[in-house]
Every structure is written in C-alpha cells, then in structure tokens.
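Kindly generate the complete structure, drawing on both the sequences and the hints.
Note that the sequence shown covers residues 1 to 179 in the numbering used here.
It is worth saying that the hints were derived from the structure and are not from the lab. Worth double-checking, as some hints may not be accurate.
Said to hold, decoys possible - Label-pair distances were calculated between CB atoms; the ranges are: (1) 47 with 12: 31 to 39 Å; (2) 14 with 67: 46 to 54 Å; (3) 59 with 99: 45 to 53 Å.
Just so you know, even glycine gets a beta-carbon here, dropped at the ideal spot from N, CA and C.
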Amino acid sequence: MKMKAASYLMIMIMLVALASLFVLKRPDGKPWLNVNSLTNKVEQQVTELTVQGVTALDKVKTHTKELVSDDTQQSTSGVQVYRWQDAKGQWHYSDKPNPNGESQHYQLDERKITVIAAEDTSILNKQPEQAVSKEAASALPTALNPKAVKQVMEDAKNIQQLMDDRTKQLEKALEENQR
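Spelled out as structure tokens, the structure:
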C-alpha cells in the first residue's frame, strides 16, 4: 500500500513540475513552455515528414518504372550461358554451346551478374628455358624438400576448394536466374 501511494505521489510531482513550465517565466518574461510553440513545432515536423514521404514515393514510382522498362528491354538482350558435362563428369560453363554434343542453355539477367576480375595467368606463359635462381630451386618440390611438397599439396587442396565453391556459386546463380 505504501508503494502504491509513493508511486501516485511521484506521478503528481512530475505533473506539477510539467505544468509549472507553462506558468513560470523566463528572464525575458515569456513562459518556458506555451501551447502555441508546441503546436508550431508539431506542425513543422508533420510538414517535413509529409514532404519526405512524397519524395520517397516519387523515387519508388520512378525506380519501378525503370525496372519495368528495363525488363521489357532485357527480354531482347541478355547474357547466354551454356553448361555441359564432359565424359569425366566435369561441368563446363561457356558463352558458346558444347561443340561436341548437347548443352543446357540459360538466359541470365545482366542486373544480377557480378563481374570479378580474372586471376593473373602470366605464370602459365613462362618459358621453360628461363634460368631458376638457386633460392627458387631450393623451394621447388623434390623428394629432398618435403616442405615444398607439403606446400604444393596444400595449395592444390585450396585451389580445388576454390573451384568447388565457384561451381556452387555458378549453379546457384543459374537456379536463381531461372526463377
């Protein structure tokens, strides 16, 4: 019972303090709070929110119109991807169909495609006659250098994982594009 009375007393004190702000005067003679200033602030905020809402709605309308017009234009152009499986069970993806047999054809939406820069393949073009430094030769995998062999094996596993992940990404993109 005492707790309930204390709660009522605290609420009454807060209400009196709030009401006193409408009665007490600042040094310039005006009250700390008045109804007109509060209603003016509320009206300004409502006006600002209305303008923001109209602007956002216009942006949505414009964006929707662009999407609809892009869809109609997109149907005439797009990225075509072909997929096929070779005799070893490896999946191949290309912009050209399988020259040796059948392939699955997919029409991709260009807006849903992320372009990633290709990896540097210049190491594949090096001439075998190039001299190998003594330091580099000691790092080459040989039966006498098990650390290098272990590193080559780890690199091969990492590359295989990257290739598997990329295949999964491509299959997921093809599935999403078919929806």
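Quiz item: So which of the earlier hints does this model not fit?
Solution: none
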